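Participant: Could you slot chain U onto chain H? The hints should help.
Chain by chain, the residues:
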Amino acid sequence: MDESQEIVREFLVESYENLDQLDRDLVALESEPGSRALLSSIFRTVHTIKGTSGFLGMNRLERVTHVGESLLVELRDGHRLMDQATTDVLLSLTDTVRAILASVESTGEEGDADIETVIAAVEAIQAGQPKPDTEPAGEPEPDPDPAGEAAPEVGPEEPKAGCSHSEVVFPDETTQASVAAMVDVAVESVAKVAGNAAPRQRTSCRVITPGTAKVPEPRPASDVIADPGAPVAEAEPVDQEAQAEPVPTELAEPTEPVAEPVVEPAAEPAHSEPAAQEAPAEPDSKPVPEAQAEPAPAPTQQPVATPAAKPAQPAARPAGDADTSVRQVADTTIRVDVDVLDALMRQVGELVLARNQISRIAQGSAEQELVRAAGQLNLIAGELQEGVMKTRMQPIEHVWSKMPRVVRDLAATCGREVQLQMIGKDTELDRSLLEAVKDPLTHLVRNAVDHGIETPADRVAAGKPAKGTLTLRAYHAGGQVMVEVRDDGRGVDPQKVAESAVRKGLRTAEQVEASSPQDMLQMLFLPGFSTAEQVTKVSGRGVGMDVVKTKIEEIGGNVEIESVPGKGTTCRLRIPLTLAIMPTLTVACGGDVYAVPQVNLVELVALDAAKEGCGIEHVHSAPVYRLRGELLPLVSLAEVLGVDAQDPTVIAVLQAEGRRFGLLLDRVVNTEEIVVKPISARLKSIGLYAGATVLGDGRVALILDVQAIARTSLLTDVTSADDERAAMAEGASRSTEQVLVVGVGGHRVAMPLASVARLEHIDTNLVEAVGGRQVVQYRGTILPLVHLGSVLGAAPEPTGDELLIVVYSNDHRSVGMVVDDILDILDDDQREHSDVDDAGLVGSTVLSGVITELLDVRAAILAVDPSFYDETNDGDPFCDLVGAV
Amino acid sequence: MSQYVTFDLDGTLYGVEVSWVQEVLRPHERTRIPRAPDTVAGLVNLRGQVVLTVDLRTRLEMTPRPADVEPMMVVVQVGGEPVSLLVDRIGDVVGTDDDTYAPPPDTLDATTRSLVTGAHKLDEQLLLLLDVERAVA
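Respectively, the protein sequence lines represent chains H and U.
Going by the working numbering, the first residue of the first sequence is number 1, and it counts up by one from there.
Going by the working numbering, the first residue of the second sequence is number 886, and it counts up by one from there.
These are computed hints drawn from the structure, not numbers from a lab.
Because the structure is a prediction, the values reported are computed rather than measured.
All C-beta atoms, glycine included, are put in the ideal place defined by N, C-alpha and C.
Hints are supplied without guarantee of correctness; some may be wrong.
[As the list claims (entries may be wrong)] Residues from chain U that keep clear of chain H, each with C-beta distances beyond 12 Å, as calculated:
#1 Gln-888
#2 Asp-893
#3 Leu-910
#4 Arg-911
#5 Glu-955
#6 Val-960
#7 Asp-977
#8 Val-978
#9 Val-979
#10 Asp-983
#11 Asp-984
#12 Tyr-986
#13 Leu-993
#14 Glu-1009
[Stated by the list, open to error] A short, non-exhaustive set of chain H residues, derived as facing chain U with CB atoms under 8 Å:
#15 Leu-641
#16 Ser-680
#17 Ile-686
#18 Gly-698
#19 Val-700
[To be verified] DEER-style ranges, computed between Cβ atoms:
#20 Arg-1019(U) / Gly-111(H): 42 to 48 Å
#21 Asp-953(U) / Ala-606(H): 40 to 46 Å
#22 Gly-896(U) / Arg-626(H): 56 to 62 Å
#23 Leu-506(H) / Glu-955(U): 48 to 54 Å
#24 Glu-955(U) / Leu-384(H): 35 to 41 Å
#25 Arg-626(H) / Glu-908(U): 52 to 58 Å
#26 Gly-964(U) / Val-602(H): 34 to 40 Å
#27 Leu-384(H) / Asp-893(U): 43 to 49 Å
#28 Asp-339(H) / Glu-908(U): 23 to 29 Å
#29 Glu-499(H) / Leu-910(U): 56 to 62 Å
#30 Arg-1019(U) / Ile-423(H): 52 to 58 Å
Isolated chain H (complex conformation) (with noise of 0.2 Å):
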């Protein structure tokens, strides 16, 4: 009985891995209709699973696979074309073939998926279409061969079948129809006589191509469900037999690569399927024979035949030389439970940490042996490490394998017209992180394709092509893996979020006011959100962005999500390499070690002691640290945790849930490697530890939960920091624009920072003269240059041995404005600027609470360079000055 359950529990193994493939070879399929490779692959497919569920006694499975068999017969023997109904119809072959297979799965039985309905539309597909062929119509009558299990059906089926397809089927169709069913039931029941097998064989076959093996034995009745049948059925010997076959070495024994004339010809389609076999097994092995076997209705098929016989004759060698790599693939493979995978994960885990402790004890020991052992063991648990990792790596194409039939679907339900792209597939990670991204990512794939993508009609109005594209895009990046799913539809228009936020109230509207555009994304993540207006049969299925991040975050990655409306959407899911070890670093608070995973760590920045507060800032009560002219939020992790601590000397700038904070901390231990070890859920809730772990020195330390962590410290942030963040926001959508702010003869001058390309100091000495102009050799080319005290009328200040000017350029042109002083860089809100001007000056505002003159840049420029804005870059700017050097 157990023997019995392994069989069955490999068989669905199989059928499971075989069915992912099928999904993508009909897929595949559609856009290649001619494809041999193809439907020889799909074919094989389907063949294997009948052949297995007949030897399991799965009589519906069977019945199931052996109807679309034969419509893949007529496709693979070119009596038929590919179209979007044949897909159809086979896709949902598959997907009944799963259902049942699922069903044996989980009760052991069959089940009562509906079957009859697939069935009905095969035939209707075999029926309601002609054959490109021309087949001599008005062949045989069906025949009620009681034997035939495929006969009965086609008769009470058809008209049903007919309708839901909408074909009309003609008498003439439906005797076609008749005959590919009288062709089933013929291999029906050849396969049931087994001990007759021979002579109806003879009756029915036609050979074409005289065979060069030896015939093996007719085998009992048992054996012969599938496999006899198959030849009779089909012209072609079909090396997927093999696979099929309950007793394969039994066959291939007998079958020997010696050239010898077969007399009989009647043995001939019986023994070509060995022969089939024992090609793949033995490469140097003489050419299959050919063997075109027909059933009962032969002369009048003959035509066809014939042309069939020549695309197969070609296409039979690489399906076997593809087969013989297989093997080989499968020789040098074994299958094995990933519970063995994870337990020795597990202890490589406890190793590597061993192994981190004899290394903490040899590194103060003078013993020689004990630190050359260490070394040793170091290396060896590296490796050992490595390649247990590698184990249980895959490339991410095994969950993107499903992508194309989702597109496909989903595209032709929401009237969309979608190109998959796929760059990456070969980016592997963890087997279980694997597992854990299919559905998030499943259900990005649908959004983009439900919400993302336009109709044809609304993306050619846009002036996009009709056809949208959707990017799956894997990568490593920072020891992590990236995985981008992007679209170029309409894109996501913040504010609507914001305002269904509101609506649905997640937000106040308060909140939304103060939120930047990329805050309001990030909305889409709250757990009751949906943009949707409608519910379709696509979304409204429960699985929102919330439950896609909270999946993610779950496995220590994230998700950020960026769109320009118009434009598309990108969301990026960074997942790390290996949920067992996890690189992190480790920082000190209040005597204790806390991990913090780096997939959240952005930087460091050391605080400057020297400066008042370390350089933190306060808005209202909230510290912030001016980064690079951003200010960043604060959050000390003293406060977070309730220790005491000493005063921080570190900022860990962090990312996570769409925004950047920095963590105040004691001081940075190292970066470590660690072992996650899960902790009990009373202490998750406390919401601030994402697991613990086990130092290099035996201590046990606790990694931090970034994501919790900005949750909670955060929010309360929000609204302290209203005004800041208000501000900010607004600034992104008003007309801000950052300004260099510098002192020339005692005033404040603003200029635009973005053309600013440098600052640089120049010795007094380096500035020549040409033509009554300044300039300086700089960078390989001269540079003029423009006094702002002489342009803004200011008194000259003595200048000191070097000149501090401002480099602004402008395509290759660049000129040099001497300040006395650069003072700060600062947020100019252009709604604040007044009239208040004069000569050089475009105006003034109040910056910082000091009243600031805004310098009219494209005066002072044109001063020293009249043809510096010149759209036509024809000549040399400083043709005038080059000459003079």
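Facilitator: Only chain U this time, still in chain H's reference frame:
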């Protein structure tokens, strides 16, 4: 006939049925967990496994353990997870008969009562039976 691992907490004898107990250890260095409930005395590294420690003194709302008493760790398996219990002193494994059993004395305070399933009247003193699952919850 049940067997109990006994230990002392502020002069009172408590017992945990042996089937719960994984091992008894000398104290390990504990990592404190800021913001955790008071009863959680930190995490210890038990041969590479991170184990939560519950101080039974705090759990039973007793006076804090004097600094000169080095606590012992009784590691119990609850719900498949090891949890370490801090006790003052470890006692013997005691076998009891059903006829010495008594319901928890009424004199116990409410917290203790909720964590004690009963008592065994031993010859020299009373053995209070600890409800392990509740104690670590």
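Participant: Each hint needs a verdict: does it hold in this structure or not?
Facilitator: Results for each hint:
1. Gln-888: holds, 28 Å
2. Asp-893: holds, 27 Å
3. Leu-910: Its Cβ never comes within 12 Å of chain H, the nearest being 14 Å, so this holds.
4. Arg-911: Nearest chain H Cβ is 15 Å from Arg-911(U), so the label holds.
5. Glu-955: About 19 Å separates Glu-955(U) from the closest Cβ of chain H, which puts it past 12 Å; holds.
6. Val-960: Since the minimum Cβ distance to chain H is about 15 Å, Val-960(U) lies beyond 12 Å and the statement holds.
7. Asp-977: holds, 30 Å
8. Val-978: holds, 28 Å
9. Val-979: Correct as stated: the minimum Cβ-Cβ distance to chain H is 30 Å, above 12 Å.
10. Asp-983: Fine: 34 Å to the nearest Cβ keeps Asp-983(U) off the interface.
11. Asp-984: Non-interface label stands for Asp-984(U): nearest chain H Cβ at 38 Å, farther than 12 Å.
12. Tyr-986: Consistent with the label, Tyr-986(U) stays out of reach of chain H, its closest Cβ about 32 Å off (over 12 Å).
13. Leu-993: holds, 25 Å
14. Glu-1009: holds, 37 Å
15. Leu-641: Where the cut-off is 8 Å and the nearest Cβ of chain U is about 4 Å from Leu-641(H), the hint holds.
16. Ser-680: holds, 6 Å
17. Ile-686: holds, 5 Å
18. Gly-698: At about 6 Å, which falls below the 8 Å cut-off, the nearest Cβ of chain U leaves the hint on Gly-698(H) intact, so it holds.
19. Val-700: holds, 4 Å
20. Arg-1019(U) / Gly-111(H): 42 to 48 Å: holds, 44 Å
21. Asp-953(U) / Ala-606(H): 40 to 46 Å: holds, 43 Å
22. Gly-896(U) / Arg-626(H): 56 to 62 Å: holds, 60 Å
23. Leu-506(H) / Glu-955(U): 48 to 54 Å: With Cβ atoms ~53 Å apart, the hint holds.
24. Glu-955(U) / Leu-384(H): 35 to 41 Å: holds, 38 Å
25. Arg-626(H) / Glu-908(U): 52 to 58 Å: holds, 54 Å
26. Gly-964(U) / Val-602(H): 34 to 40 Å: For Gly-964(U) and Val-602(H) the Cβ distance comes to about 39 Å; the hint holds.
27. Leu-384(H) / Asp-893(U): 43 to 49 Å: Once the Cβ atoms are compared, 45 Å apart, the range 43 to 49 Å for Asp-893(U) and Leu-384(H) holds.
28. Asp-339(H) / Glu-908(U): 23 to 29 Å: Roughly 26 Å apart at Cβ, these two residues keep to the hinted range, so it holds.
29. Glu-499(H) / Leu-910(U): 56 to 62 Å: holds, 60 Å
30. Arg-1019(U) / Ile-423(H): 52 to 58 Å: holds, 55 Å
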